[in-house]
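Read top to bottom, the protein sequences are chains R and P. Per numbering that gives the first Met the number 0, the very first residue in the first sequence carries number 0; after that it's consecutive. Per numbering that gives the first Met the number 0, the very first residue in the second sequence carries number 0; after that it's consecutive.
There is no bait here: all hints are sound.
In silico SDA-like cross-links for lysine to any residue, where the CA-CA straight-line distance does not exceed 25 Å: (1) R:K77 to P:L315; (2) R:K77 to P:T305; (3) P:K133 to P:A203; (4) R:K77 to P:R405.
FYI, nobody ran anything at the bench for these hints, they're computed from the structure. All values reported here derive from a predicted model rather than from experimental measurement.
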Amino acid sequence: MALVVIDGAVKSYGQGASEVQALRGVSLTIEPGEFTVISGPSGSGKSTLLNLIGCLDTPTRGRVLLEGQDLSQLAGPKLAQVRARRIGFIFQSFNLIPVLTACENVELALQLAGDVGADRRARAETALANVGLGDYLHRRPNQLSGGQQQRVAVARALVKQPALIIADEPTANLDSKIGTQILELMREMNEKRGVTFLFSTHDPKVMERAKRIVTLTDGQITSDESGGRAGAGH
Amino acid sequence: MFFARLALLNLSRNLRRTLLSLASIIAGVAVIIIGKGFIGGLEENLIRAEVDTLSGHVQVRPADYPNEGLAHPIDHLWTPEPSWLAGLEAEGATWTARTLFVPTAVHLADAMRVRGIVFDPATDARVFPRDGWKVDGAIPSTTEEGVLIGKGVARLLKVAPGERIVLQARTAAGAINALEVPVAGVVSVGAPAIDQLGVLVPRALGESLLQSQGATSHILIRLPDRDAVLAWTEAQRAETPPGTAFRTWIDQTAGMMRIQKIRQTALDFLVLALMGMSASGIANTVLMAAYERIREIGTLQALGMTRAGVVRLFVLEGAMMGLVGALTGAAAGAGLVAWYATHGIDLTGFIERAGSGNLQISAMLYTRSSATVVVGAAAFGWLVAVAASIYPAMVASRMVPAEAVRA
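Only chain P is shown next, with the shape it has when bound in the complex:
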């Protein structure tokens, strides 16, 4: 305790210098926590945007179905066996059927290719929660009620709820079909794939347009535990309907996760650079302290302090500085991440400026709080401070007592 107090008092000698060194540790630790919180939050955001609006936890679809882009062929539609669907529910999963297709939506002189989604009004909400949906108008459930269009489609086609549009699409047999349908509502679900390009068509109307009675392109399944998806699909593999294949949310988000890994690596480099700067700041502080206190080091040695004791004293100073910096940085970083984990960051403006219908990202980004990250970052910051003080401590301990005492 005596030497801990001495180390603390020594740190208070040049408070401004100590605070500057502390600032670099605080910044380093806070950046780790905030960066990980944002990247973790973005990862969750991307996964949820995909899972909650388009893919569910597991898709069952034609084996040769394309994985990416706006190509949604309907020439391999299939009809699931009721007993197989009942089996899914017996396993605790919920399911719904959707058929993806690419119609052209026409209103007056304006036309655009859109992402058509034939949905089942009775079961769709079991897999795709609608608590974040903002609907101007109503969600249709019958042919007469018409379709639900994304707000981007409404803007481009200059169409409002109650007006009518024409949907033109190839049928399952390859013919061209077109229907004039009312717009029941304009929706914003917080995911560009639907908000920018989506047209949601109730099953009865969709089957009429595509001439696909009873058939579907996708069965989309939601599991009680998202993380159990690999074990679940493995167990279900033997039951896969002929000509279809499973695609899990992990497969579906793999491309985005690869980009996330790149972001993570970039953050790691940034953190490494920041902590390198912190380390050099601390090493400089402790080294300057050592050179300013040559006579004191000599006195301590004359009074019987060993070289190891001198090293311990200076490392203790670095460790204390590191502890204060790490705890402050952890508190600041964790506080900020916790705030945004609760209140979220509204990305609406960013998404609209980006304007990509293929970018699956929710409008609200909630950072991910993690006690492990906070503790790990604080421990890392503290260790960097301790390691950085070892070299100057060694320099201090190598001073010749007979000379140092008279410096």
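With the rest of the complex left out, here is chain R:
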């Protein structure tokens, strides 16, 4: 079964003469284990598409299915539940909670996923150890470098073992070397654990490693290259 199916999704903002269509009938299928990039210029609808897939928003028309479940039929609390359990997010600005330690930031994802197990703290520590931050468990975000903060965000996204991780410009605020390390980490998680990643990015480094690149222009898919540049040997 496809992990994500988008069927004729339209997303418009405003009404009447001021209506703007951010997505104009997008259809897309993402299979489990993909490492896919959504590419396109600013304003092309990348973030809107990720919002729909990430249950942060619902389409004006059309359908979005995650693991066969029609997200457009779900109300707010149900969408929150899907986000909590089935989707991990990695953001451009890391989006860690500044008053919590690295470990607590990761634990927060488990808490919101409804994990009340006694091993919650241990699982958060393991997730941080897996991204190379075993020695930084009790550091606050402002005591970590940008790369370390993004690793915490990766650990936070992975710890609840979601069906899909959405990474919105994950390397945009990192220097080239650290960005590459983060990408390698995500690629490793994809290859070894079969975690499905969906990126929105302009970064050539990300596109080089993508198995598939979907290009959006003016709210429509204008190309869908399976195999991508990485697959072509870049």
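Here the structure of chain R is known, so what remains is to put chain P in place on it, guided by the hints.
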């Protein structure tokens, strides 16, 4: 616990702002407790000043006797039946007889109208405790020993213990009588009605002056339990001597209690205004926190927090702020009230400046400590904080996650 810790950490982010908001709750809760403590203490003070110096718990007096002022007619004096008095004692009450009258006291060229109180030396202290009395000289018990005068009378007439004054009064039959009597002592009982204008006359001397052998204007009764006065008077009503009426300490203090109610209402308005300011401070703090943390709210929502969860988190922050403020305010207010409940506030200077012989108030004001008031004020302060944080919490929860997460 996780989110309680998160709420606590969030409050510590802008500590100065949090402390300022806390200060308003602390002040609001403390003002409630201190205000209620002082008003309660003043109420008790007024009651005790009346009960312990002039009225006792129950007065039995002529039915048409005036309730207020310095008018103390003696044309309806009465003689209580010994069997009725014995019956009072059988009920556990103590009693004494007093006759109030308005003589003129004269010393050399000075004269003034005073509040004359004919008292029974053998029984007066049973109803009117004397532990707070300060006497320069002695309390007289015989005609030869003379009278006890309030310190205000002594000051105005420029008379000291051992000197003599003339008391001029109408007798029960309406004639004018005058006696020159020695001043046995100068008294301060802590109640202006006696301190400023009082002249206490032993019964034998009083009867000689008023020609009122065996008769009295008042029988004053002290009960084992002040609060049982209504039931007691109801039970005694059938036994009331002819031509007399009961007047309880509640009737006697009703006018003062009406003023107390006005004070209480004024305090309630003040508290309401203070708590309104507290509420606006807390709402502002939580609202600013919400706008400063838009991206975090978006992140929490992206991680699966529901709108209700966002509301809970922000209300929790308000509730924690309210709890700390309410407990601190309660501790501060209760501490101050407890201190003054023990040590009291000396109102002597105030009473002397006020200079009113009709104002019944004891020289020492002891605040009234009440656990109910402390708990109630703390709970009220906390509830105000919780209520004030609901609106900003709703604002935070209405943020669109897709926009908030990238703010």
